[in-house]
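Protein chains: 2
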Amino acid sequence: MLFETAEIERRIEGFRRLLKDESVPCEVTVIHHLADVFYFSGTIQDGFIIIGSEGDPLFALKRNVDRAKKETPLKSVEPLRRSGDLRDFLLRACGQPPRSVGMALDVMSVLEYEKIRRLLKGAEIVDVSSCIRKVRSKKSGEELELMRGAARIGHWVYEKAREIIAPGMDEWQLSATLEYEARLKGNLGIIRVRNRRLEMYFGHILSGGEASLPSYGDFPTGGAGVSPAFSQGSTSRKIGSNEVVSIDTMINNHGYLNDQTRNFSLGKPPDILRRAFDLSLELHELFRRKALPGTTGGGLYDEIMKRVSATDLAPYFMGYGQNRVVFIGHGIGIEVDEVPFIARNQKTVIEAGMTVAFEPKFVVPGVGVVGIENTYLINDHGAVSMNISPEELVVL
Amino acid sequence: MLFETAEIERRIEGFRRLLKDESVPCEVTVIHHLADVFYFSGTIQDGFIIIGSEGDPLFALKRNVDRAKKETPLKSVEPLRRSGDLRDFLLRACGQPPRSVGMALDVMSVLEYEKIRRLLKGAEIVDVSSCIRKVRSKKSGEELELMRGAARIGHWVYEKAREIIAPGMDEWQLSATLEYEARLKGNLGIIRVRNRRLEMYFGHILSGGEASLPSYGDFPTGGAGVSPAFSQGSTSRKIGSNEVVSIDTMINNHGYLNDQTRNFSLGKPPDILRRAFDLSLELHELFRRKALPGTTGGGLYDEIMKRVSATDLAPYFMGYGQNRVVFIGHGIGIEVDEVPFIARNQKTVIEAGMTVAFEPKFVVPGVGVVGIENTYLINDHGAVSMNISPEELVVL
Chain A
1 MLFETAEIER
11 RIEGFRRLLK
21 DESVPCEVTV
31 IHHLADVFYF
41 SGTIQDGFII
51 IGSEGDPLFA
61 LKRNVDRAKK
71 ETPLKSVEPL
81 RRSGDLRDFL
91 LRACGQPPRS
101 VGMALDVMSV
111 LEYEKIRRLL
121 KGAEIVDVSS
131 CIRKVRSKKS
141 GEELELMRGA
151 ARIGHWVYEK
161 AREIIAPGMD
171 EWQLSATLEY
181 EARLKGNLGI
191 IRVRNRRLEM
201 YFGHILSGGE
211 ASLPSYGDFP
221 TGGAGVSPAF
231 SQGSTSRKIG
241 SNEVVSIDTM
251 INNHGYLNDQ
261 TRNFSLGKPP
271 DILRRAFDLS
281 LELHELFRRK
291 ALPGTTGGGL
301 YDEIMKRVSA
311 TDLAPYFMGY
321 GQNRVVFIGH
331 GIGIEVDEVP
341 FIARNQKTVI
351 EAGMTVAFEP
361 KFVVPGVGVV
371 GIENTYLIND
381 HGAVSMNISP
391 EELVVL
Chain B
1 MLFETAEIER
11 RIEGFRRLLK
21 DESVPCEVTV
31 IHHLADVFYF
41 SGTIQDGFII
51 IGSEGDPLFA
61 LKRNVDRAKK
71 ETPLKSVEPL
81 RRSGDLRDFL
91 LRACGQPPRS
101 VGMALDVMSV
111 LEYEKIRRLL
121 KGAEIVDVSS
131 CIRKVRSKKS
141 GEELELMRGA
151 ARIGHWVYEK
161 AREIIAPGMD
171 EWQLSATLEY
181 EARLKGNLGI
191 IRVRNRRLEM
201 YFGHILSGGE
211 ASLPSYGDFP
221 TGGAGVSPAF
231 SQGSTSRKIG
241 SNEVVSIDTM
251 INNHGYLNDQ
261 TRNFSLGKPP
271 DILRRAFDLS
281 LELHELFRRK
291 ALPGTTGGGL
301 YDEIMKRVSA
311 TDLAPYFMGY
321 GQNRVVFIGH
331 GIGIEVDEVP
341 FIARNQKTVI
351 EAGMTVAFEP
361 KFVVPGVGVV
371 GIENTYLIND
381 HGAVSMNISP
391 EELVVL
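Heads up: the protein sequence lines correspond to chains A and B, in order.
Note that UniProt numbering has the first sequence beginning at 1, numbered continuously upward.
Note that UniProt numbering has the second sequence beginning at 1, numbered continuously upward.
Quick caveat, the hints were computed from the structure, so don't treat them as lab data.
Incorrect hints may have been included.
[Stated by the list, open to error] Quick look at which bits of chain A chain B covers, simulated, 3 or more residues with Cβ under 8 Å:
| # | region |
| --- | --- |
| 1 | 37 to 48 |
| 2 | 171 to 181 |
| 3 | 208 to 222 |
| 4 | 228 to 234 |
| 5 | 295 to 305 |
[What the hints assert, rightly or not] Take a look, some chain B residues computed to stay more than 10 Å from chain A by CB distance:
| # | residue |
| --- | --- |
| 6 | 79 |
| 7 | 167 |
| 8 | 186 |
| 9 | 214 |
| 10 | 218 |
| 11 | 256 |
| 12 | 274 |
| 13 | 295 |
| 14 | 299 |
| 15 | 302 |
| 16 | 345 |
| 17 | 379 |
| 18 | 394 |
[Said to hold, decoys possible] Okay, derived cross-link-like pairs now, SDA-like style, lysine to any residue, Cα gap no bigger than 25 Å in a straight line:
| # | chain 1 | residue 1 | chain 2 | residue 2 |
| --- | --- | --- | --- | --- |
| 19 | A | 70 | B | 62 |
| 20 | A | 62 | B | 62 |
| 21 | A | 347 | B | 200 |
| 22 | B | 115 | A | 348 |
| 23 | A | 20 | B | 200 |
These figures come from a predicted structure and were not determined experimentally.
Here a beta-carbon is modelled for each residue, glycine too, at the ideal position from N, C-alpha and C.
Isolated chain A (complex conformation) (with noise of 0.2 Å):
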């Protein structure tokens, strides 16, 4: 099992605490979104776990029981041989039909919310998504060393890129090259979003003026990709003398996320990139000292932003024109997308536990992408990183 009993039991203490201390007016919780199941069981498999106010969850399976049964330290374990059957586990879990049941409305279709709705007959359905994603903010010493995991994996394929960027190599070979050793060390390659605007493989391994091209994704770097059908990502264009190539990876390592960026050039990389490189640490600093329990998402978005805007490189931070995005780090973990986010406006919290990766880029139009990203976790006195690989913009 990835995960001990005690594990699952603080989390879903966790989830039923932070039910009662924002009065969520919901007598039960069905987690049906698989990312979700995964935090409350330790597996991935197909169900609903149905959380009362107290006792232990039942968890109703489609598929697969038997699987299920050995991969999670939930204690009842059963199958749902009929959707119908859903009505029958609440009844159960509350000792009469439920007058309000909590769901995660964010990743639920309203196809789906329409038929549980007939299914449950009259009972009132309450969004308890902020719930969910609040108590998977703050990871647990078991997730964190999933992650350090990840890390690790992400380590790897920094190391490879280092040994075989070459002039002439193009990008897409490159990435190629890499998701193969990603995938040889352990690497999952499933990349969960709770958004579904957000498409992603793998990463971004872009090169010179071209990495410039901002894409439909909501993420400070683009690329052309080589498709309209996923404009996002590597071509084949040859990687040049005297450019920066940015290596952005996400690397998944038993369900648990690590986002990394480092970059490379062969000789001197441009003088405005090599800049906005050594700005880009000056804020990694900043974030490690800021990021303090009790500072918001918004705030910590102000505080960088404000240094930046102190600098001739504010017009190329975080994207170009139209085309910035407005937040510099996100939340990760079993998703790619969790809270906080520093974000513009965000009144999330940062609390200690929480797990953000943080990445300040420059994107100068025909120029390039420069900019490290970490994957970091906050504890009582600032921003710690998770990634072990070093952070120098490394000249071959």
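Go by the hints and put chain B onto chain A.
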């Protein structure tokens, strides 16, 4: 551009005709799901396509307008600066605030829906997902060409598998190598699904008795995988002699998918799997003849099941015991779970131009999985495979 003006116009006219034929009560449709945006525009840039009952659609983009202008033949391409501006675009499309707006509610979350409802103040939101899915189910010559390109990449992977499978090689290494080869040939990697509960990465490369382990996915084959966090697909198991290796790959060529399964064995395969393989081929033959326009997905399912039921292999078809899935084929194109489904009780009428991955497979507990899968085009005389790899059980 991936598609010409006339092609995109035909798609939009096809959709309008369906709305009319099915008397869907909506004045205007807002296309928002990325895969649908790609279908109606030829680009995956992120925005809303507003399709009124006549005239040019309006493409209002969050990001990136400049790229969209280069990538789509749609004439009206404009920035959407704030979500609230969607209301103005609808006003322009309809001449007055619309009373009813069509959207794809199978892929819109409840929270997004509530936001849109507030925005559209009193307009009724009507689900048009079935018309979108229906128009997308029949492929044009241009779409088929891209799907054939995906089949060619799948064939390349097959050739590589044939070349490299050797005793003692582990599944995981084999999968990583085939992924790498597919990427070098242009596989976009990303696998778009409509149903969020389907998680996929590259495919299922499985061997021997362990291949028969069912997974959490609604697939006939599962596999153990290497983690409870993504428990499907390959493990580090060494491929042995006299067992079947199943190479099930999903390739994305410019947004269009190919699904293929081929089987190998090192030395003589187990008798029961050889017999099941032969039956799988026979079921393909049956499908090719019987998948005629006018039949239904459910009718075809019954026809195939009837043939299988007459054999002693019936208990192993499409999974074993409780783990049997109730489909044998699925529509495929931009997404892996398109209509029609060749599945129990499916009323969808098969039409010429539809594309279906047909995968009659057998899962024999402790012995292995076997079965061929092709991506078929339905024409007036039956189904024609787009896959070009030989269908034999390759004995190495």
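Closest CB of chain A to the CB of residue 345 of chain B still more than 10 Å away
Consistent with the label, residue 345 of chain B stays out of reach of chain A, its closest Cβ about 14 Å off (over 10 Å).
10 Å Cβ clearance of residue 218 of chain B from chain A:
The claim breaks: residue 218 of chain B does not keep its Cβ more than 10 Å from every Cβ of chain A (closest is about 8 Å).
25 Å Cα cutoff - pair residue 70 of chain A, residue 62 of chain B
violated (45 Å)
Residue 115 of chain B paired with residue 348 of chain A [C-alpha distance capped at 25 Å]:
The hint holds at about 20 Å.
Verify that the Cβ of residue 299 of chain B lies farther than 10 Å from every Cβ atom of chain A, and report whether the claim holds or is violated.
For residue 299 of chain B, whose nearest Cβ neighbour in chain A is about 24 Å away, the distance exceeds 10 Å, so it holds.
Please check whether the region 228 to 234 of chain A has three or more residues whose CB lies within less than 8 Å of a CB on chain B.
This one holds; 4 residues, not fewer than the three required, reach chain B with a Cβ under 8 Å.
Can you tell me if the region 295 to 305 of chain A counts as covered by chain B, using C-beta to C-beta distances under 8 Å and a minimum of three residues?
It is violated: at least three residues are needed, and the region 295 to 305 of chain A offers just 0 whose Cβ sits closer than 8 Å to chain B.
Checking one constraint from the list: CA of residue 20 of chain A to CA of residue 200 of chain B, max 25 Å. Satisfied?
violated (37 Å)
Against chain A, does residue 302 of chain B hold up as non-interface, every C-beta pair farther apart than 10 Å?
Given a closest Cβ separation of 21 Å, the condition holds.
Could you grab the alpha-carbon distance between residue 347 of chain A and residue 200 of chain B and see if it respects the 25 Å cut-off?
Answer violated: residue 347 of chain A to residue 200 of chain B is near 35 Å, above 25 Å.
Keeping to a limit of 25 Å between CA atoms, is the pair of residue 62 of chain A and residue 62 of chain B held or broken?
Since the Cα atoms of residue 62 of chain A and residue 62 of chain B sit roughly 37 Å apart, the hinted pair is violated (cutoff 25 Å).
Closest CB-CB distance from residue 186 of chain B to chain A, is it above 10 Å?
violated (7 Å)
Hint compliance for this structure: hints 5, 6, 8, 9, 10, 11, 19, 20, 21, 23 are not met, and every other hint is.
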